[in-house]
Amino acid sequence: MKFQSVRGFKDWVPEEFIRYEHLIDLAKAILKKYNYQEVKIPILEKTELFIRSIGEVTDIVQKETYTFQDRNQEFLTLRPEATAGICRMVIENGLFMRPKPLKFFTIGPMFRHERPQKGRLREFYQIDVELFGNLTPWYEVELIKMGLKILYSPLKDLSEDEEIKNLFTLEINSLGCEKCRPNYKNYLLSSLKDSQNLLCNTCQQRLERNPFRILDCKNPNCQTEIQKLEPIHKFWCEDCELHFKELKELLEFLDLKYVLNPYLVRGLDYYTRTIFEIKGKGLGAQDTVCAGGRYDKLLEELGGPFLPAIGFAIGIERWELCISQYLNPQTFLERLSPQVFIALLGREQFNEGLKLAEALREADLKVEVLYEEKSLKALLREADKLSSKKVLILGEEEIKEGKVLLKDMLQGTQEKISLEKLIPKLKEEFIYP
RNA sequence: GAGGUCGUAGCUCAAAGGUAGAGCACCGGGCUGUGGCCCCGGGUGUUGCGGGUUCGAGUCCCGUCGACCUCCCCA
Numbered sequence: 001m002k003f004q005s006v007r008g009f010k011d012w013v014p015e016e017f018i019r020y021e022h023l024i025d026l027a028k029a030i031l032k033k034y035n036y037q038e039v040k041i042p043i044l045e046k047t048e049l050f051i052r053s054i055g056e057v058t059d060i061v062q063k064e065t066y067t068f069q070d071r072n073q074e075f076l077t078l079r080p081e082a083t084a085g086i087c088r089m090v091i092e093n094g095l096f097m098r099p100k101p102l103k104f105f106t107i108g109p110m111f112r113h114e115r116p117q118k119g120r121l122r123e124f125y126q127i128d129v130e131l132f133g134n135l136t137p138w139y140e141v142e143l144i145k146m147g148l149k150i151l152y153s154p155l156k157d158l159s160e161d162e163e164i165k166n167l168f169t170l171e172i173n174s175l176g177c178e179k180c181r182p183n184y185k186n187y188l189l190s191s192l193k194d195s196q197n198l199l200c201n202t203c204q205q206r207l208e209r210n211p212f213r214i215l216d217c218k219n220p221n222c223q224t225e226i227q228k229l230e231p232i233h234k235f236w237c238e239d240c241e242l243h244f245k246e247l248k249e250l251l252e253f254l255d256l257k258y259v260l261n262p263y264l265v266r267g268l269d270y271y272t273r274t275i276f277e278i279k280g281k282g283l284g285a286q287d288t289v290c291a292g293g294r295y296d297k298l299l300e301e302l303g304g305p306f307l308p309a310i311g312f313a314i315g316i317e318r319w320e321l322c323i324s325q326y327l328n329p330q331t332f333l334e335r336l337s338p339q340v341f342i343a344l345l346g347r348e349q350f351n352e353g354l355k356l357a358e359a360l361r362e363a364d365l366k367v368e369v370l371y372e373e374k375s376l377k378a379l380l381r382e383a384d385k386l387s388s389k390k391v392l393i394l395g396e397e398e399i400k401e402g403k404v405l406l407k408d409m410l411q412g413t414q415e416k417i418s419l420e421k422l423i424p425k426l427k428e429e430f431i432y433p
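The numbering of the first sequence is our numbering, which starts it at 1 and goes up by one.
FYI, nobody ran anything at the bench for these hints, they're computed from the structure. Errors might be hidden in some of the hints.
Label-pair restraints from in silico Cβ distances [claimed, not checked]:
hint : residue 1 : residue 2 : range
1    : Glu163    : Gln414    : 41 to 49 Å
2    : Asp364    : Asp157    : 38 to 46 Å
3    : Pro329    : Glu300    : 43 to 51 Å
4    : Glu178    : Lys100    : 41 to 49 Å
Taking lysine-lysine and the DSSO-like style, the derived pairs with C-alpha atoms no more than 30 Å apart in a straight line are [said to hold, decoys possible]:
hint : residue 1 : residue 2
5    : Lys10     : Lys63
6    : Lys193    : Lys145
7    : Lys297    : Lys355
8    : Lys40     : Lys179
9    : Lys145    : Lys63
10   : Lys355    : Lys389
11   : Lys40     : Lys63
12   : Lys156    : Lys32
13   : Lys377    : Lys427
14   : Lys145    : Lys228
15   : Lys248    : Lys297
16   : Lys103    : Lys248
17   : Lys193    : Lys234
18   : Lys281    : Lys165
19   : Lys165    : Lys46
20   : Lys103    : Lys156
21   : Lys46     : Lys103
22   : Lys218    : Lys156
23   : Lys257    : Lys234
24   : Lys179    : Lys10
25   : Lys421    : Lys374
Glycine residues also receive a C-beta, built at the ideal position from the N, C-alpha and C atoms.
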């Protein structure tokens, strides 16, 4: 094999693409019901945008971005996530003047230079959802509910199955706000300083850079130290505590199961208060399918007005890995096969076949024609391989009579039918069944 | 970025240092007016790539690229 795709970048062949398309269609249908507006933002942004939003000392910015200089020596970065770009869009286009809340979503590839493994690619697709303009937990609950709805949407027919009911689990936490978060940070710093040499090497570095990340370290030594600490909720201010209490009550009100995870933290600096992750089963080490939270200060920090916001991102490939085993392959077959296959018996029929195919396509039918001199047997074999439901046989005899032979490939039946009656008949079958 | 497992035909996988194979798929034919089934024929290959050891390497060694797993990190 001469060429291989770049490490961590993959092709989507038709069978894979239709799965992607199917999931996107389901997600979009739900997003529309919540009145989210689809937008598109560039894949490339100035590096500075990500440094300012995600945080200069985060791992993502420090070692995972595709950053390079263009021909004008300007530093550019392939987006590792979409929130920063959406915020830039809101500010640059003055969208913050519009009625609140602003509700946007975008679907597209993100890029992170990490070691690839199952459920982790260097180019991966996200459904990114953002809501701007409100501080209350009602919007958070609605957003979380919508996220879960999207994730479960491909499995709607199987929703009674116990295994499927628990395919995704919601974890929540609050990081506190600008008032109370520093207290917890200081507490972490002072109490972990004493046991510093018991922590792993990376955590000793985290102590300097981002002490919150120590909380979700998997190293057992670090975990024993972490267990000794006071949990984060002891440090929340009154407002943050109330906010989180209301959030939990609302989740219960909607019968949404959740797990409180006081050690849940995020790899991006911009989050405040509520954060959440939805984890999927069967993914191995990379089990977070959806993650998000509140980022009230970000727009302001990027030079816009104060506009509190919440959002999440779904990793489409991970989502697909979770649910694909439960999906019926038949669901996708239709997207790949023609509705009508036209079998032309001999070169003399090619012109008529071309005309007929165009007429059927004008009538919104999906049509395949082979302009090849093959036996009827061979042509039917082709139609069978493509899983075409109907075959139109067009030979010398039919053309003379102004008719075609319409064959049903599932039933094996066939009838001779005039050209005038053909389109209404096929429409009845495929378009208004 | 660290450690580990693996890499043979389009796909799934054999070949335990001695002639590169099977099933499925694919192509041609039986079969120019009827698909699925069947029969006959065809191996379609730079054994990921590059070196080395050896009389001889798919097999052993080194490097490299890629996939997967763990760590890191994250969607």
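Status of each hint after checking the structure:
1. In this structure the hint that glutamate 163 and glutamine 414 lie 41 to 49 Å apart at CB holds, the actual value being about 44 Å.
2. Between aspartate 364 and aspartate 157 the beta carbons are some 27 Å apart, a value that contradicts the proposed interval 38 to 46 Å.
3. Judged by the Cβ atoms, the range 43 to 51 Å given for proline 329 and glutamate 300 holds: they are separated by roughly 49 Å.
4. Distance hint check: the CB atoms of glutamate 178 and lysine 100 are about 21 Å apart, inconsistent with the given range 41 to 49 Å.
5. Straight-line distance between C-alpha atoms of lysine 10 and lysine 63 comes to about 21 Å, which keeps the hinted pair within the 30 Å bound.
6. The straight-line distance between the Cα atoms of lysine 193 and lysine 145 is roughly 40 Å, outside the 30 Å bound, and the hint therefore fails.
7. Restraint check for lysine 297 and lysine 355: not satisfied, since their Cα atoms lie roughly 61 Å apart, outside the 30 Å limit.
8. The suggested pairing of lysine 40 with lysine 179 is violated, with an alpha-carbon distance near 35 Å, which exceeds 30 Å.
9. Restraint check: the Cα-Cα separation between lysine 145 and lysine 63 comes to about 33 Å, which exceeds 30 Å; the hinted pair is violated.
10. Proposed proximity of lysine 355 and lysine 389 is supported: the alpha carbons are some 20 Å apart, at most 30 Å.
11. Using a Cα cut-off of 30 Å, the hinted pair lysine 40 and lysine 63 holds, with the two alpha carbons roughly 26 Å apart.
12. With a C-alpha separation of about 18 Å, the suggested pairing of lysine 156 with lysine 32 holds against the 30 Å cut-off.
13. Between lysine 377 and lysine 427 the CA atoms are separated by roughly 27 Å; this keeps the pair inside 30 Å, and the hint holds.
14. With a C-alpha separation of about 34 Å, the suggested pairing of lysine 145 with lysine 228 is violated against the 30 Å cut-off.
15. Distance restraint check for lysine 248 and lysine 297: the Cα-Cα separation of roughly 23 Å lies within the 30 Å cut-off, and the hinted pair is therefore satisfied.
16. Between lysine 103 and lysine 248, the direct Cα distance comes to roughly 23 Å. Compliance with the 30 Å bound is thereby established for this hinted pair.
17. For the hint pairing lysine 193 with lysine 234, the CA-to-CA distance comes to about 20 Å; that is within 30 Å, so the pair holds.
18. Of the pairs offered as hints, the one joining lysine 281 and lysine 165 holds, with about 11 Å between alpha carbons and a cut-off of 30 Å not exceeded.
19. Our distance criterion of 30 Å between C-alpha atoms is broken by lysine 165 and lysine 46, whose separation comes to about 42 Å.
20. Straight-line distance between C-alpha atoms of lysine 103 and lysine 156 comes to about 25 Å, which keeps the hinted pair within the 30 Å bound.
21. Simply put, lysine 46 and lysine 103 have alpha-carbon atoms about 24 Å apart, close enough for the 30 Å limit, and the pair holds.
22. Between lysine 218 and lysine 156 the alpha-carbon distance is near 35 Å, which puts this suggested pair outside the 30 Å criterion.
23. Among the hinted pairs, lysine 257 with lysine 234 is consistent with the structure: their alpha-carbon atoms are about 23 Å apart, no more than 30 Å.
24. Distance check on the hinted pair: lysine 179 and lysine 10 sit about 44 Å apart at the alpha-carbon level, beyond 30 Å; violated.
25. A hinted pair counts as satisfied when its Cα atoms are at most 30 Å apart, and lysine 421 with lysine 374 qualifies at roughly 27 Å.
Consistency with the previously given hints fails for numbers 2, 4, 6, 7, 8, 9, 14, 19, 22 and 24, ordered from lowest to highest.
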